[in-house]
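2 protein chains.
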Amino acid sequence: MIKQSIKLTVDAVVFGYESDSKISVLLVKRRIAPYKGEWAIPGGFVKTSESLEEAVQRELKEETGVSISYLEQLYTFGESDRDPRERVVSVAYYGLIKPQDFDLNASTDAEEAEWFDIDELPELAFDHKRIIEVAINRLKGKVTYEPIGFELLDKEFPFSDLENLYVTLLGRPIDRRNFRKKMLSFGLLDELDKKSSTGRGRPANLFRFNSERYFSLKKEGFVFEI
Amino acid sequence: MIKQSIKLTVDAVVFGYESDSKISVLLVKRRIAPYKGEWAIPGGFVKTSESLEEAVQRELKEETGVSISYLEQLYTFGESDRDPRERVVSVAYYGLIKPQDFDLNASTDAEEAEWFDIDELPELAFDHKRIIEVAINRLKGKVTYEPIGFELLDKEFPFSDLENLYVTLLGRPIDRRNFRKKMLSFGLLDELDKKSSTGRGRPANLFRFNSERYFSLKKEGFVFEI
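Chains as they are written, first to last, in full-length UniProt numbering: chain V, 1 to 226; chain F, 1 to 226.
In isolation and in its complexed conformation, chain V is listed as follows (with noise of 0.2 Å):
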């Protein structure tokens, strides 16, 4: 087979999101060089006998004590001189968490872990601000098209948890009235015959994820248009 020098890396850019807060990303200090005390998301090198996905869990529970079931692939990076080594080609991939559920505890490659506001990065190694910037339009595109987040979510939620995780999400307001209305159309969530007692201002009717019915509708083919 054809003589090519070229490895293969995987990377996570892993979103946290609180309840009325901004969305930040978990960045670890590298240990190592290149960009030896740089910010940078985390990853490393497949290895020969995993997939790709196992490899990026792997290396993001290494590095920031992070484990997730559920990275989705966000794009192939493969330009030539991306890393001062030699040829790397990483294939990233990114999610949503919520990062209070989490314990960060960076290892192997990393120093530390941490969680920085995407409106506030530092200094990235490699071509991680651009891997970063491809993950936010992924997302702010994705929540239009399709209903993300609510794992994010307590199970049961008022509807203005909903509301406040799309505005966030998408970083502009939205029109209320219409959202509440094309979210209920799709029959995704289930009113409950319960209360919030957050306390503030008027108790509102609790709502539920149907997960069931989003399954059968994604099989049949159906689009989610937020």
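No lab work stands behind these hints: they were computed from the structure.
Check each hint, because a few of them may be wrong.
Which copy is meant is left open, so a pair is good if it fits within one copy or across any two.
As the list claims (entries may be wrong) - When the alpha-carbon atoms are kept at most 16 Å apart in a straight line, the in silico EDC-like pairs for lysine to aspartate or glutamate are as follows:
(1) K195 - D154
(2) K7 - E86
(3) K3 - E86
(4) K129 - E54
(5) K7 - E50
We have chain V; now place chain F onto it with these hints.
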């Protein structure tokens, strides 16, 4: 650096669309093992010095004679057993062209190059059937949130040509009145003071795609929900 026995390839899913007809995909008959004599999507090994985009355009040109400047990255396929030789990870790209604009000319690793209706595909090498399925889903998904396909229409076209393109791409009927209303609401179509002369039915006004407005809306982050 880490020892890794992984090779990197690129593959191209090139869709063809001709007015009022079905969607086809460009395949090559393999001249070499493995899967010698079987049909596959065009593609091959990335050279260490070339970008992924250069590699996929070169392979497509070599194996089919088709030279196109824009292919969009689809997905990276990395299952450990997808190639019988050794671990091969493939970055797949896809594009959409008018078959009549290109002469096919198989060469290098390809014995033949031919268009196949996507509903009548032959047995395919490797995991290429799955790659094509992923590409078809992406194409169908994409038209619902992005106006694509204008490059497939004549420069000036009756609105019905655009409708037919969408019906074909989506593989289902559309509500013609709503579709027209939405499409025109984006302001992406300039209605010309000219009539079509296809001879079928009443002459209808011709339209032209306003690509300048399209790119300026894209830059502002406008989402086109069809």
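Comparing the hints with the structure gives:
For the identical chains of this complex, K195 and D154 are intra-copy neighbours only, at 14 Å inside a copy versus 57 Å across copies, given an alpha-carbon limit of 16 Å. Proximity of K7 and E86 under a CA criterion of 16 Å is satisfied in both settings, with 8 Å inside one chain copy and 15 Å between copies. In this assembly of identical chains, K3 and E86 lie within 16 Å of each other by CA distance both inside one copy and across copies; the values are 15 Å within and 13 Å between. With identical chains, the CA atoms of K129 and E54 are never at most 16 Å apart, being 24 Å at best within one copy and 23 Å at best between copies.
Both within a single protomer and between protomers do K7 and E50 lie at most 16 Å apart by alpha-carbon distance, with minima of 14 Å and 14 Å respectively.
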